[in-house]
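In the order they appear, the protein sequences are chains A and B. The numbering of the first sequence is the numbering used here, which starts it at -10 and goes up by one. The numbering of the second sequence is the numbering used here, which starts it at -10 and goes up by one.
Keep in mind that the hints were calculated from the coordinates and are not lab data. Hints are not guaranteed to be accurate.
Identical copies look the same in the list; a pair holds intra-copy or inter-copy alike.
The calculated lysine-lysine pairs, modelled on PhoX-like cross-linking and capped at a C-alpha distance of 25 Å, are [said to hold, decoys possible]:
| # | residue 1 | residue 2 |
| --- | --- | --- |
| 1 | Lys151 | Lys127 |
| 2 | Lys81 | Lys28 |
| 3 | Lys(-3) | Lys15 |
| 4 | Lys1 | Lys27 |
| 5 | Lys81 | Lys8 |
| 6 | Lys14 | Lys26 |
| 7 | Lys14 | Lys(-3) |
| 8 | Lys88 | Lys1 |
| 9 | Lys81 | Lys15 |
| 10 | Lys81 | Lys45 |
| 11 | Lys28 | Lys14 |
| 12 | Lys26 | Lys45 |
| 13 | Lys28 | Lys151 |
| 14 | Lys127 | Lys14 |
| 15 | Lys26 | Lys(-3) |
| 16 | Lys29 | Lys8 |
| 17 | Lys15 | Lys127 |
| 18 | Lys81 | Lys1 |
| 19 | Lys29 | Lys127 |
| 20 | Lys1 | Lys26 |
| 21 | Lys81 | Lys26 |
| 22 | Lys(-3) | Lys88 |
| 23 | Lys8 | Lys27 |
| 24 | Lys27 | Lys81 |
Read off the chains here:
There are 2 protein chains.
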Amino acid sequence: MQQEYPSKLLDKAVAEFSKLPGIGKKTALRLVLHLLKKKKEEVTIFGSTIIEMREKIMHCQHCNNISDEPVCDICLDIQRTDSQICVVENIKDVLAIEKTQQYNGKYFVLGGLISPMDGIGPSDIEVEGLLQRIDTTKTNEVILALSATPEGDTTAFYIFRKIGNRPAEITMLARGVAIGDELEYADEITLGRSLINRIKFS
Amino acid sequence: MQQEYPSKLLDKAVAEFSKLPGIGKKTALRLVLHLLKKKKEEVTIFGSTIIEMREKIMHCQHCNNISDEPVCDICLDIQRTDSQICVVENIKDVLAIEKTQQYNGKYFVLGGLISPMDGIGPSDIEVEGLLQRIDTTKTNEVILALSATPEGDTTAFYIFRKIGNRPAEITMLARGVAIGDELEYADEITLGRSLINRIKFS
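Sequences and hints are given; from them, build the entire structure.
Take a look at the structure:
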């Protein structure tokens, strides 16, 4: 590594920040200079909080979501039904679905989507764990709540085939015109799909 | 602090990243989830590099620039003349001027610009250190290389008055139409100033 700044310590800190996604050299330098103006104690807390998080965080044994305990709060919640499993890509999707307040079942977090372009194959996501979960609980419905992208569709189809003839209904999120969207601005594929999958007016 | 995520460790890490300038809650979560996918050792290196940087970095006793040693490499460089001091706001400006390869003197880093709006007064920047530096070295010229902003102008004027009748010439960067700019797109204040301060064609 060629030294770019008059301080090796600065150099190394900028290089570490530059490794983060979406953070280039200039932003990294800005962040490091900001931290240099902060008190030593504050910067120590910043660094050690992140180290501790990585050291201690776990994945829930039941749903594979991020958790501080071996089993997460959602899985421990007896108010929630065990008969539905909502399969999502990551914790952000769990949070998004929780926000809707329309779901009272459990989750299963895959930890990614199959994406050959990014080198992510079926073995890199937690499908085996999902199948085990379906087999060990009374699951009536598996909701595939994956992104409406080629990666999401591929993953959904892979899981659909893997579930095979297990006695659980497999559903997926409705695709269609988003609430609030004007028809003339909806893209043609979405509009076409929403026409084919039209539902009874009630 | 209200808990937002299913993990307190995650919560705290996101909160720490959110404190950085220009990083909101969403970006912070993205960065933390990225680090969660990295190996524990890599994340430990990330955190400890930043803590070490803040702990050990110094300000050069001569020029106040960031340095790993009590006196920085530029100040130690005997090839560079002591008779010129280029006064800049921060290390980024030192790097920018070094890149031009047009300057062979020393620097003095103020560590900020006077900005009453941001609560930064004359005592928050290193003017006393600059005056001491001028008094203790044979300084023929003090170049005020500050941003062409109200804060830069205020700071330049303050330093100009503080230097008073010390026997050093005080200069400032030329202001004018940037190289490569088309005249019709130059703003009127810049164009006006470049007309008043026109120089002999040679």
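- [ ] List, from low to high, the hint numbers that the structure doesn't satisfy.
- [x] 13, 14, 17, 19
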